[in-house]
Amino acid sequence: MSNALYGPVPNVAEQAGYQDPPPRMGFFTDTSVCIGCKACEVACKEWNLVPDDGGPLTGMSYDNTGALGANTWRHVAFIEQQVPARQAVDLGMPGIGAPGAQTAAEPGQDADIRWLMASDVCKHCTHAACLDVCPTGALFRTEFGTVVVQEDICNGCGYCVVACPYGVIDQRKDDGRVFKCTLCYDRIGDGLEPACAKACPTDSIQYGELDVLRARADARLAELRADGEAGARLYGNDPDDGVGGTGAFFLLLDEPEVYGLPPDPVVTTRNLPQIWQRTAMAAGALVVLGVASFLGRRS
Amino acid sequence: MAECHPVGFQWVMEAKARGAKIVHVDPRFTRTSAMADVHVPIRAGSDIAFLGALVNHILTRALDFREYVVAYTNAAAIVTEDFQDTEELDGLFSGFDPESNSYSAHTWRYEGAEAAAAAGQRDPSQTGAEEMAAAGKAAREGGQPETAGSGGPSVPGKPERDETLQHPRCVYQILKRHFARYTPEMVEQVCGISREQFAEVADILTTNSGRERTAAFCYAVGWTQHSVGVQNIRTAAILQQLLGNMGRPGGGIMALRGHASIQGSTDIPTLYNLLPGYIPMPHAHQHQDLESFVAADAGTTGYWGNMAAYTVSLLKSYWGDAASADNDFCFDYLPRLTGDHSTYPTVLAQLEGTCKGYFVVGENPAVGSANGKMQRLGMANLEWLVVRDFTMIESATFWKDGPEIETGELRTEDIGTEVFFLPAASHVEKDGSFTNTQRMLQWHYKAVEPPGDCQSELKFYHELGKRIRAKLAGSNDERDRPVLDLTWDYPEHGPDREPSAEAVLREINGTGPDGAALSSYTALADDGSTACGCWIYCGVFADELNQAARRKPGREQSWVAPEWGWAWPSNRRILYNRASADPDGRPWSERKAYVWWDADAGTWTGHDVPDFVADRPPDYVPPDGARGPDAIGGQDAFIMQSDGKAWLYAPIGLADGPLPTHYEPPESILENPLYGTQHSPARGRIVHPANPLNPDQSEVYPYVFTSYRLTEHHTAGGMTRTLPYLSELQPEMFCEVSPRLAAERGLVNGGWATIVTNRTAIEARVLVTERVRTLRVGDRKVEQVGLPYHWGVNGITVGDSSNDLVHVTLDPNSHIQGKVGTCDIRPGRRPTGPALLEYVEGYRRRAGIASEA
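Line by line, the protein sequences are chains Y and L. First residue of the first sequence: 1, per the numbering used here; consecutive thereafter. First residue of the second sequence: 300, per the numbering used here; consecutive thereafter.
Hint data in this document are derived by calculation from the structure and do not stem from the laboratory. Ideal Cβ placement from N, Cα and C applies to all residues, glycine included. Worth double-checking, as some hints may not be accurate.
What the hints assert, rightly or not - For lysine-lysine, the following BS3-like pairs were computed, each having C-alpha atoms within a straight-line distance of at most 25 Å: (1) L:Lys770 with L:Lys655; (2) Y:Lys198 with L:Lys315; (3) Y:Lys198 with L:Lys745; (4) L:Lys851 with L:Lys745; (5) L:Lys891 with L:Lys315; (6) L:Lys699 with L:Lys655; (7) Y:Lys198 with L:Lys851; (8) L:Lys655 with L:Lys765; (9) L:Lys765 with L:Lys745.
Said to hold, decoys possible - Cβ pair distances, simulated, as ranges: (10) L:Thr359 with Y:Gly167: 58 to 68 Å; (11) Y:Pro84 with L:Glu748: 55 to 65 Å; (12) L:Pro1130 with Y:Thr136: 49 to 59 Å; (13) Y:Gly231 with L:His792: 51 to 61 Å; (14) L:Gln383 with Y:Gly231: 49 to 59 Å; (15) Y:Gln15 with L:Val306: 35 to 45 Å; (16) L:Pro1130 with Y:Asp264: 50 to 60 Å; (17) L:Glu651 with Y:Glu46: 46 to 56 Å; (18) Y:Gly231 with L:Thr736: 34 to 44 Å; (19) Y:Gly189 with L:Ser888: 45 to 55 Å; (20) L:His792 with Y:Gly156: 44 to 54 Å; (21) L:Gly1127 with Y:Gly55: 17 to 27 Å; (22) Y:Gly231 with L:Ile1095: 36 to 46 Å; (23) L:Ile1095 with Y:Ala67: 17 to 27 Å.
With the rest of the complex left out, here is chain Y (with noise of 0.2 Å):
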């Protein structure tokens, strides 16, 4: 299935109309080398003046802001994993007993902690349903491929919200506009990298060409890959998926889910077309049975 709405799109700025744009610009998130210190969160509402939101300790390990929201545009989720113990090479240390038997293990001491951190954002969609069911033309695509919502025309009607298969798009309490990450529209435009980016110390979050990016993130998890690390995965790069891929795409070291990612977005105007040609077909249907039953009163 392909359609405006769905599938490849080699350009999508130029698909949006623009002629000759900048290369699509995007993130690149290494959630491998995040050490979780949410200076993306900070900087992102620093520069973007977002409120704080701030509640009571969620209990959550160190996550405390929770989900991306119209507050939290930069989310960094901290998942602790119990996985099963790595086995330290034996080198023949004078021991007792014969080897292998000097140690039971504990219960919860023959198993590793694993702790995920990860960065998370807007995905600026290739299929942006956000964009396509905003009735007034609020959200808009940017000449760098990107999403953004311009909130002097935002009305509130909150149909994006319904529409992000992410569930990142969020309206603001109290104020009923909707807000989210610009991929820092008003930096990239000047040839600065965007905040988060900016403000990541291990370059967790990498800002790019997303072609760059791309090859860039192949060349990682094929290291990771080699390196052992059997779970690692990229989340939102291939443009076949059912959002097209994403321009702010993700390596994971495990299940999206695991990171309270959708394992398998699709755009949620995927079937727009379908829907409107059969909705067009049922009401054909019923003008045809229509005027059939009036046909069927004369005879």
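Use these hints to put chain L onto chain Y, whose structure you have.
Just chain L now, kept in the frame of chain Y:
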């Protein structure tokens, strides 16, 4: 490191990307552990047992870098017959005086190095035999051990050596015997680390050291906050010496400081016992004049032999034309030590009423110092208190909202302390420099004007000095001369008449007879012709340029990046880098080449500024009786040491023994499995009713607790709890416990817990997490409670201060408090008001401590 120094941790991540193995040893599983190849959970306070076993592992398997060890360390030095080790005295070294709980270092000395003792000691109290008993005490009270910040304390002459390392009294053999009982089995018994994991760490460390590879130790100041803090670091230093990891690229021991420029604040010290450049503060009774002060060093070997030049130049920078040879360069103007004036004894003096005024600057002792109650009671007993900070921190408001007001121990109307709060400018609101752990100065420029009445420290103190001088103007009183004669003429600029920070940097750099900026401390003279505010910083303003402000990108220069900022001394990026070459001056390997001897040119050269006498050939043997730098042999890589060697064994200079020894923390759940001596015998005890310790192995206090920091907050919280964007990231005080402890005590994730010690009880939200491991220590299971220490009563996010639980017991060398204790933990919130006192009193009774309250 990722937790407290996330920006610096990027370099660890880069190293990891290039194949480095990362081992993280920490009681808790942090953001660093998450990135490490190996995380080793350890019982808080058992570091020396773990590191000592690594030393033993290396020695018993002869895995040490022998050529390096023989040439560059004091392994071959022979120690006098009088020395007795902990092996013989069940945990004590010879020279211990049980009356004063202190050591005399006399018996620890090198053999053959006694002859010159009378002239060659930096601490005269450690010279004559009759004074030996008082030496440890004097070292402690005078704070002398800290003066070794740039090179060690000096030993007279050169010791006898056995380069085969076979002599039973050579340092190598003493080391072997001392650490023999530090086995992997003992590590299991003491630290709760399995033999398998120990073996893995030992293997990673030793296989990554040698000619081709180097390993580095990084520690944050948590390692220093123990009654054996200095010895913790010493054990790491022994490992790095044995493995040949000092003075070489990729090696070393990195102290990650508590906050920005703490390195700078010891170089240009805010410490009571130091002058700039680690020149000791003179003592009232020992140092009557410049000659007797400098005599302690003038005769010694190594670069400290030039102390007269450094000191005279410092006095010239302080007092300018008023300082001349006729008046001892105003040496008498310097304040004098009469005892231990460090932080905690000062608090005791406040409680006694002898300390009446207090400046609290960029610090929040009511939250950030151990035993917050003692701090607040002390401040409540002052006549005046000046607090300079960004916001109204707890140390400025304790008199109206401190925990003691709540319990009724203090009443606002009874507190006579007059509190002055003065708003301070932040680092982006002023020019200045940061000195990082690499001793590198990086200049920063003012980005915005300070808001409102906020002032830079520079402006404040300059103004304070001007006003005091105006009040004293015309005085004929001798005692006012030191203030009136000060060079206090810094140029001012801007509408607020801000003093020029660069002018201060230039003064620190120093000037020569022609008034031009000096380029190296080797140009300093002892005749008053040069002035220099801090000899180790000499060169930071070379060529009349602010060298610290250089920002040449790394890609435009060599990998050592000498043109980024400026590092003391003389822009060296790695200290003692002579050790990066073998004794003959050739790099140990091509891969690790750093500096080397160019025989044709007759000079040392390489990627960095060589840390050696530039034209001294590797085969140079100093003549007998040589002094100062002339006495440095061609293979004496550790040029600040008077014997030119790195010290595996410290024959002098430490208050608690020449070798690291495992003692249990002052509060412990265990009996010391290694020795009959339970605690560090020389630990600094602070005896006060507000500082009662928990008894050891008490059933009332069955758990270990330790305090720490989170990425989201900064130290005592004054800079972060007031900021909404940071407060929302860690919005409440919490404790971290293992699932097993949670089950044992009925603690619920997200619920409340009360944590109790003999000092007080605090409440915190609970995080139940597998990241806190139940340790198997011997045949028992040990639970540790983790406590961030950022909270207090002010700010957007408020909570109890975990430092209120921490007892004050000090490392005898550095006077730093510990951060390990024992506690009980119970579900639910703590009692409030006077009921809290009754609650804690109940615990004290059950623990068998009679309260004096």
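Going down the list of hints, with the structure as the test:
1. L:Lys770 with L:Lys655: Given pair Lys770 of chain L, Lys655 of chain L holds - Cα atoms ~21 Å apart, limit 25 Å.
2. Y:Lys198 with L:Lys315: It holds: about 21 Å lies between the C-alpha atoms, which stays within 25 Å.
3. Y:Lys198 with L:Lys745: This hinted pair holds, its Cα atoms lying about 21 Å apart.
4. L:Lys851 with L:Lys745: 20 Å, holds
5. L:Lys891 with L:Lys315: 18 Å, holds
6. L:Lys699 with L:Lys655: At roughly 20 Å apart (the allowed maximum being 25 Å), Lys655 of chain L and Lys699 of chain L satisfy the hint.
7. Y:Lys198 with L:Lys851: 20 Å, holds
8. L:Lys655 with L:Lys765: Holds, at about 23 Å.
9. L:Lys765 with L:Lys745: Answer holds: Lys765 of chain L to Lys745 of chain L is near 23 Å, not above 25 Å.
10. L:Thr359 with Y:Gly167: 58 to 68 Å: 59 Å, holds
11. Y:Pro84 with L:Glu748: 55 to 65 Å: Given about 58 Å between the Cβ atoms, the range holds.
12. L:Pro1130 with Y:Thr136: 49 to 59 Å: The hint (49 to 59 Å, Cβ to Cβ) holds, given that Pro1130 of chain L and Thr136 of chain Y are roughly 57 Å apart.
13. Y:Gly231 with L:His792: 51 to 61 Å: The hinted range 51 to 61 Å holds for Gly231 of chain Y and His792 of chain L, with Cβ atoms some 59 Å apart.
14. L:Gln383 with Y:Gly231: 49 to 59 Å: 57 Å, holds
15. Y:Gln15 with L:Val306: 35 to 45 Å: Since Gln15 of chain Y and Val306 of chain L have Cβ atoms about 40 Å apart, the given range 35 to 45 Å holds.
16. L:Pro1130 with Y:Asp264: 50 to 60 Å: 54 Å, holds
17. L:Glu651 with Y:Glu46: 46 to 56 Å: 47 Å, holds
18. Y:Gly231 with L:Thr736: 34 to 44 Å: Holds: the Cβ-Cβ distance is about 36 Å, inside 34 to 44 Å.
19. Y:Gly189 with L:Ser888: 45 to 55 Å: Given range 45 to 55 Å: holds, Cβ gap about 50 Å.
20. L:His792 with Y:Gly156: 44 to 54 Å: 52 Å, holds
21. L:Gly1127 with Y:Gly55: 17 to 27 Å: With Cβ atoms ~22 Å apart, the hint holds.
22. Y:Gly231 with L:Ile1095: 36 to 46 Å: With a Cβ separation near 39 Å, Gly231 of chain Y and Ile1095 of chain L satisfy 36 to 46 Å, so the hint holds.
23. L:Ile1095 with Y:Ala67: 17 to 27 Å: With Cβ atoms ~22 Å apart, the hint holds.
In this structure, none of the earlier numbered hints is contradicted; all agree with it.
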